[in-house]
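So the protein sequences, as listed, match chains A and B. If you read the first sequence in the working numbering, its first letter stands for residue 816, the second for the next number, and so on. If you read the second sequence in the working numbering, its first letter stands for residue 816, the second for the next number, and so on.
Check before you lean on any hint, since a few could be wrong.
Given that identical chains are not distinguished, each listed pair holds provided it fits within a single copy or across any two copies.
[What the hints assert, rightly or not] Here are the simulated DMTMM-like pairs of lysine to aspartate or glutamate, each with C-alpha atoms no more than 20 Å apart in a straight line: (1) Lys1148 <-> Glu1389; (2) Lys850 <-> Asp1291; (3) Lys1408 <-> Asp1420; (4) Lys1408 <-> Asp1436; (5) Lys1382 <-> Glu1234; (6) Lys977 <-> Glu950; (7) Lys850 <-> Glu1298; (8) Lys1408 <-> Glu1431; (9) Lys1408 <-> Glu1421; (10) Lys1052 <-> Glu1298; (11) Lys1094 <-> Glu1199; (12) Lys1148 <-> Glu1206; (13) Lys977 <-> Asp841; (14) Lys1122 <-> Glu972; (15) Lys1045 <-> Glu933; (16) Lys1094 <-> Glu937; (17) Lys1122 <-> Glu1046; (18) Lys1203 <-> Asp841.
It is worth saying that the hints were derived from the structure and are not from the lab. Since the model is a prediction, treat every value here as computed from it, not as a measurement.
Number of protein chains: 2
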Amino acid sequence: MERKVPGGYNGRVLRVNLTNHKVTTDPIDDLFCRKYLGGVGFIAYYLLTEVRPGIDPLSPENKIIFALGPLTGLTLGGCARHAVGAKSPLTGGIAKSEVGEYWGSQFKRAGFDVLIVEGKAEQPVYLWIHNGKAEIKEALHLWGKNTKETQETIRSELADAKIRVAMIGPGGENLVKYASIMHGPFDAAGRGGMGAIMGSKNLKAVAVRGDSMPPIANSDGVKKVISWLKENMDLVKAFSDFGTGAPMVRFEKLGNLPIRNFRDGGFPNVDMITPQVIKETMRVGMEGCFACPVRCKKVVEVEDPYKVDRAYGGPEYETIGALGSACGIDDVKAIAKGSELCNAYSIDTISTGVSIAFAMECFENGLLTTEDTHGVELEFGNAEAMLKMIELIARREGIGDLLAEGSARAAEKIGKGTEAFAIQVKKQELPMHEPRLSKSLGLGYMVNPHGADHMDSMIDIFFSAFTEQPNVTIPDAIPLGLEPAPFEDIGPRKVVLFKAFQSKRIIADSLVFCHFIPFSYRQMAELTSAVTGWDTSVMEHFRIAERILTMCRLFNVREGFTAADDKLPARFFEPTKGGALSEKPLNFEQMEKAKRYYYFLMGWDESGVPMNEKLEELGIDHLGTIS
Amino acid sequence: MERKVPGGYNGRVLRVNLTNHKVTTDPIDDLFCRKYLGGVGFIAYYLLTEVRPGIDPLSPENKIIFALGPLTGLTLGGCARHAVGAKSPLTGGIAKSEVGEYWGSQFKRAGFDVLIVEGKAEQPVYLWIHNGKAEIKEALHLWGKNTKETQETIRSELADAKIRVAMIGPGGENLVKYASIMHGPFDAAGRGGMGAIMGSKNLKAVAVRGDSMPPIANSDGVKKVISWLKENMDLVKAFSDFGTGAPMVRFEKLGNLPIRNFRDGGFPNVDMITPQVIKETMRVGMEGCFACPVRCKKVVEVEDPYKVDRAYGGPEYETIGALGSACGIDDVKAIAKGSELCNAYSIDTISTGVSIAFAMECFENGLLTTEDTHGVELEFGNAEAMLKMIELIARREGIGDLLAEGSARAAEKIGKGTEAFAIQVKKQELPMHEPRLSKSLGLGYMVNPHGADHMDSMIDIFFSAFTEQPNVTIPDAIPLGLEPAPFEDIGPRKVVLFKAFQSKRIIADSLVFCHFIPFSYRQMAELTSAVTGWDTSVMEHFRIAERILTMCRLFNVREGFTAADDKLPARFFEPTKGGALSEKPLNFEQMEKAKRYYYFLMGWDESGVPMNEKLEELGIDHLGTIS
């Protein structure tokens, strides 16, 4: 498990072909690592160069890629993450989803940076990766099991309680289009349907364990950042105290919290479902990812009326929104139960909740009836109905089979104008931040290669939630020469801010680094230098971000996506019913104009297709075609 | 003369109206300084906002602006410079020219950052600026004097030998279109005809003296850079040893040295006119600008056959090329004499030499005859003829009156296809680096708002002169994520490198800082922070560069310039006659393509007009129009 540090930063790719059971490892050199960084950068590279256009995402031809970055596994808060990617069964485009927990740190210590799984096993299998070796192991006995039991069984049969397990439950096995990959029972690589890819390959789990971490070029540089975080823990105090969603009441007031499928504004009972209430009523602990002092992950326990197993953690903000307010539900125990079920079955809480909200709006409008729902009164606010739907979706039973396809495909099947209720971009359901409040977020949803995603850009929302200033900025972008822009604006200056923030996030998703630790652009560059030995900079990071985003775009263009796919649902060009945004619809032309300026800034033409010159400039003109 | 440093960096503008003799001073605040930086940035701002489109550059409506930057006057090598700008009588567009010496440091110590001179004096005057005050003084007795006598007389009548004088000689008085402003007898703000603007205003000189330097935000930061330079003087050793032009023999071999009006390749006698020969045969000393340890300025003395006064310094590389090889002249004493004359008369050695070379080629082709030249046999290689022409140009006598208009206007008047011999872009004569050798330099000549200029970009030439690598790079741009590009290339990646280097230079011209001190991008940003207290960065510098270049572009667009004006003379699409480039013409379509990609990178449309969105993004949309 040697790694050469002289010659710079490098890594190893573990490749497992489940069709022929071939396992190989290949080195990736310093130049490659510096060019594509890691995480989503690696994923985009391998998908572009190895996955043929037009394949069925659930066929053996698709590949699933687990990619770490140079920061993954560092004993520093925020560095526990890795990315999982593939051609998405939900969007049909490129997908990637990041997750924390300890899996990434163990995979790195096992000697690897990338896992590429190809083909399809005849029978269920799992992978056992430890200290430079990988075995394909039989998993028939695990098939059908929930995630908690899967992990327990694997740890038990490998006789090592410290093994970390990435895995699917029944949702992944049943190819729910938005199945997640659970890393342990409560950390999800949630978005894009990565769990369905595992399911389609008969891959139940990837268990990892390792003992050696690669050397760091300049450990003093890393220590400096560790010290900084120690001294600035107040910046993440809200996460430590409450986990995600601490500003929930303010979110509702501002109009940021989606209510009843993004239709309504105002959710008076918001204070019944907050992280503060969770803390007071059901929280039994907080957990953290590897090496992270923040410990933002709620652990809840409920006995009555639902038994909620603390092994499955507790609901994040996105889950509270999606299974709660988006479904008109103010029953925090039901939300906690729903969170547990989604984690047990490995389905994405966001797409699950918004798909259920879609069905509820259909039901309220008589476009679905109790005949379709097996008698369930699928009304907004019906907590029991929500829980029932989760079960049905994970098992693809009854209407669950329809909703397991996601809201867009469900609407296509139902017809009758229900498309208006499918709140998605590129068929991926919107997360729990309201684009009518934040135009830059709306732009992010539109242009994100992975479909609507809460990890894109939320500069306006951060700003409106935590300050009262009229001008929006990214504080650490001021030294970069990026001036503030008015809150209501989505003009060129705001688009530049958006791009800067999107770049920061795509770099974090490549390093791979947690968005919750508020490192500045500069700190991220310095940390990269410290770990890799590269003399790098914020500017190089911006350039790499442009490269990676353009690679993702290339993949989607190849799959037939056009500028027309970069659009928000019609709902957002109408105001909310009541609430803070009851007179604030988005303006279609304004958003289209912003989109075009974003294309321009990226070096993409008016159709959103990367210019050949830009590809050449970024050194990725050779990645464009594959036959 | 107080300056507030709390609240950041700021400055003062001294405004002198020669028509009504009004003198005013105005503060410029921190926001303004950070947005436009100084030097060319300030010049572009004031020209855009105060000079009406379409005015005659030599009318009282034009303004001449002397602009320092935050670094000007610092006791650090390279910080002696300032910029002078106006609407150019040569190009009709924006002009700016930087110069070192001690003038800028004294003007800053007098309490000012910018001098704007407006209107026109009825009689010759000069300005006397000292410690926060400015007086308009009568100068009838100075009119007609050479620069050396002008400075001596002013120092004598103001009884202060330490006064620094910016001034014109007869060339400026006679409105030679490329008259320079001499700062002392041998430092020229040479390009763009700034001396003619002074002449048109009856402004003979600007004398300055001051005693107080504004405070520095972080003097340790500045000391760090001073120490670095002290320890790295070997990087500038060639300048210290020989002044400009040390690699002259290699330049000739590569094809970089223009021979006979850029027509020929190969100048076997190049070793007769090198700085090395000058050192051995006529150099009596080296001079430096304020606070600079490099001391790159040759001082020569010749007795026979020409008396060359050491007070006028000695020929720089550009002068050796323009009055030497470009005219086919290998007589180093004649070149030294020509340098002295140009400095005494205040005319730009480059445009002078290339205009004479133009005339020589016309003469050789029979398109000018001895009838036109008052009997002078104006052949390539005729040193006496070259010296005679300088006299005639400065006095606008005979053919000198024609050549004082520059080669483009002279060709227009002569007709008969002589346009082919006018080696200029935007009517400004090319400096002494061959675009056929360096495509990025050619692109620089094309798109530079000030016409062909040697200060733009010479990345390929630096590279070819000093290394043997196949790939061109800017070493300190590697950490910025800008990869090398092949030497022969002018594709997107090279255009990006060009833009990066152009940005570096425009920032240096705004700070104002000498191009000869090889500070990295990072050092320039750190130095800016140290002086101003701004938390700035390389990225902000790049952004400011984009802003300033776009402002210059806006000015030219307003004056009617189009993409068609961004073109090289036809000569360069043919190979040289003999020499290293005898089979290496430029390719027109390739250069046009590079130009279009540069426009794109700048946010200018295909016609080279800045997009409204880009103006808005850069916060300069309000600068576009003036009535």
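Checked hints:
no.: 1; hint: Lys1148 <-> Glu1389; verdict: neither (33 Å within a copy, 81 Å between copies)
no.: 2; hint: Lys850 <-> Asp1291; verdict: between (24 Å within a copy, 17 Å between copies)
no.: 3; hint: Lys1408 <-> Asp1420; verdict: both (13 Å within a copy, 16 Å between copies)
no.: 4; hint: Lys1408 <-> Asp1436; verdict: between (27 Å within a copy, 17 Å between copies)
no.: 5; hint: Lys1382 <-> Glu1234; verdict: within (14 Å within a copy, 54 Å between copies)
no.: 6; hint: Lys977 <-> Glu950; verdict: within (18 Å within a copy, 83 Å between copies)
no.: 7; hint: Lys850 <-> Glu1298; verdict: between (29 Å within a copy, 10 Å between copies)
no.: 8; hint: Lys1408 <-> Glu1431; verdict: between (26 Å within a copy, 14 Å between copies)
no.: 9; hint: Lys1408 <-> Glu1421; verdict: both (11 Å within a copy, 19 Å between copies)
no.: 10; hint: Lys1052 <-> Glu1298; verdict: neither (28 Å within a copy, 41 Å between copies)
no.: 11; hint: Lys1094 <-> Glu1199; verdict: neither (23 Å within a copy, 95 Å between copies)
no.: 12; hint: Lys1148 <-> Glu1206; verdict: within (16 Å within a copy, 96 Å between copies)
no.: 13; hint: Lys977 <-> Asp841; verdict: neither (27 Å within a copy, 71 Å between copies)
no.: 14; hint: Lys1122 <-> Glu972; verdict: neither (28 Å within a copy, 99 Å between copies)
no.: 15; hint: Lys1045 <-> Glu933; verdict: neither (42 Å within a copy, 59 Å between copies)
no.: 16; hint: Lys1094 <-> Glu937; verdict: neither (46 Å within a copy, 83 Å between copies)
no.: 17; hint: Lys1122 <-> Glu1046; verdict: neither (40 Å within a copy, 72 Å between copies)
no.: 18; hint: Lys1203 <-> Asp841; verdict: neither (46 Å within a copy, 73 Å between copies)
Hints 1, 10, 11, 13, 14, 15, 16, 17, 18 from the earlier list are contradicted by this structure; the remaining hints agree with it.
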